[in-house]
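Chains as they are written, first to last, in the numbering used here: chain A, 565 to 838; chain B, 2 to 299.
Derived from the structure by calculation, the hints contain no laboratory data. All C-beta atoms in this analysis are idealised placements derived from N, C-alpha and C, irrespective of residue type, glycine included. Treat each hint with caution, since some may be false.
[What the hints assert, rightly or not] The following label-pair restraints were derived from C-beta to C-beta distances:
id: 1; chain 1: B; residue 1: S43; chain 2: A; residue 2: L591; range: 18 to 28 Å
id: 2; chain 1: B; residue 1: A278; chain 2: A; residue 2: R596; range: 53 to 63 Å
id: 3; chain 1: B; residue 1: G115; chain 2: A; residue 2: V782; range: 50 to 60 Å
id: 4; chain 1: A; residue 1: R834; chain 2: B; residue 2: A234; range: 52 to 62 Å
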Amino acid sequence: MSIVPVEAVSGRAADTVKPVDGGPAPLAPRARLLPSLAAVYRAQLSRARVARIPLLFVATFQSVGIMVLMRGVVDGGDEARAVVAGSSVLVVAFVALNLLAQYFGQLRASGGLDHYATLPVPPAAVVLGAAGAYASFTVPGTAVTAVTGSVLFDLPLTHLWVLVAVIPLSGAALAGLGAALGLLAPRQELATLLGQLGMSAALLLGVLPADRLPEPVVYARDLLPSTYGVEALARTFDAHPDWAAVGLDLAVCAAVGVVSLAVATRAYRRAAVR
Amino acid sequence: MRATDGISLDVRRGEIFGLLGPNGAGKSTLVRQLTGLMRPDSGEVEVLGHDLVRHPERASRLIGYLGQESTALDELTVALAAETTGRLRGLGLRAARVERDLVLEELGLTAIAGRPLKKLSGGQRRLACFAATLVGERPVLVLDEPTTGMDPVARRAVWAAVDRRRAEHGATVLLVTHNVIEAETVLDRVAVLERGKVIACDTPSGLKEQVAGEVRVELVWRERAPLDVPEVAALRGFAQESGRRWVLRLAPDEARAAVAAVTGGAAFAALDDFTLATPSLEDVYLALGGSTKGLVKA
């Protein structure tokens with residue numbers, strides 16, 4: 565028992581640690597996807613409630629402030645719709661993209677991922693649970709911003725119910741992007757920086773009316789997933805919205821969400837076992 | 002650079018096995034390999050008949066791991082941290098809540114169950130993380146410095162909980178520590194690590210027999226050692242100095258002579274305190290050529 569110096573065994577280093585006696589022990593069951601997703605979601609939402617409520621206020625005030633500012637520049641019509649829709653989706657970008665990128669960056673840098681990596685939980689449950697919680701956390705801020713903006717710019721509230729689809733789908737796209745950035749960034753500061761940049765992009769490209777932007781910036785705008793959430797919401801301020809176009813915009817959000825969450829899950833797997 | 006090199010250890014079922022060594026000795030690297038967090042470059046890791054190098058994902062289904070970091074749980078309440086961890090260990094909601102309540106009660110955490118870990122003292126937070134480790138029973142527990150920052154009551158709660166799991170379920174415990182007193186009192190066997198190698202492995206008393214012929218002399222000087230006294234100057238060569246404190250390991254007759262020298266004459270005026278003791282694991286560690294920095298006695 566005890567130590568065998570490696571020199572005596574072989575030329576190469578070899579570490580062995582093994583409990584002896586008896587045959588293989590039965591393995592405890594894995595945690596299944598949905599229950600563990602629910603557990604992560606619940607824990608993350610409670611975390612967010614404790615620590616992130618002031619930030620939600622900041623996000624909401626920022627968006628409302630932008631709309632108040634833009635009222636002096638924009639006088640109704642398409643531009644007003646773009647401002648209100650952009651400001652509303654900005655709340656989602658602030659929380660789901662920026663804060664989630666920071667969270668995963670910090671968790672990874674501090675070794676906090678070890679906790680999840682030593683539990684038999686599917687990686688997708690950790691990523692989706694956190695992304696879902698952060699996206700849900702944006703609901704009150706986004707709704708308040710959309711309603712305030714509609715009142716401010718005399719836009720109809722009739723179709724604001726579409727937020728029920730806009731928030732989860734743009735939330736999925738932006739939270740997936742945030743999680744992927746946070747988990748892929750080699751350093752924590754970089755994760756924070758990328759999250760902030762993503763949010764700034766969503767602010768500038770989402771809130772400013774598209775037809776006033778220079779052409780190359782319009783292309784950048786088309787590449788940003790939040791744009792499609794903004795456009796979907798903006799279209800529903802029409803008396804008779806083009807629902808097919810709204811559906812298409814939301815489908816883009818959903819597709820980006822699926823891809824970015826899959827990327828984030830892979831990044832988590834890699835980050836967890838170093 | 003190799004963090005661990007040629008380490009070969011067999012831990013028996015139902016044993017409380019310790020890894021003792023200063024920071025940077027390679028304890029945590031070894032533990033990360035055991036828990037599937039890191040793949041060893043070579044060698045094998047087998048736990049209860051399972052090859053964890055080939056199947057690292059099985060580690061989480063065999064081992065309850067308490068790491069040094071609590072960031073994943075910091076913003077949760079004690080109760081939610083324990084319950085969530087249990088659910089992620091595969092327990093259903095009801096089972097996780099039942100176990101959560103039992104473990105919190107067992108560890109005396111029920112009164113602070115509703116408080117976020119972040120708001121607790123370091124020792125309480127550590128105990129809460131330990132509670133989370135216990136929800137969702139595992140046959141092997143790997144605990145990386147579980148009692149850091151804890152008061153004696155919390156420490157006793159930890160060791161009582163570990164003992165209970167061993168007595169009732171035959172749990173095997175691998176404990177990482179740099180606390181020699183703890184290692185002596187709770188471990189069945191201990192491997193002493195130094196710079197990535199095992200320099201000794203035995204029961205604490207077996208290890209202590211290696212230096213049984215020696216006496217530990219500890220001298221504490223008021224301000225500084227009176228090196229103008231020849232006997233004191235001569236002793237200095239054998240002393241491990243840390244500030245005003247000198248530790249010497251001497252043969253019994255040498256120890257008597259040393260005590261006579263420092264308790265008489267000019268040296269005594271400069272002496273604040275002295276103790277004679279049988280050797281501890283720290284002395285074993287020093288005798289084996291370890292550098293004492295980073296070991297804790299508390």
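Hint check:
no., hint, verdict
1, B:S43 to A:L591: 18 to 28 Å, "25 Å, holds"
2, B:A278 to A:R596: 53 to 63 Å, "55 Å, holds"
3, B:G115 to A:V782: 50 to 60 Å, "52 Å, holds"
4, A:R834 to B:A234: 52 to 62 Å, "59 Å, holds"
When each numbered hint is compared with the structure, no violation occurs for any of them.
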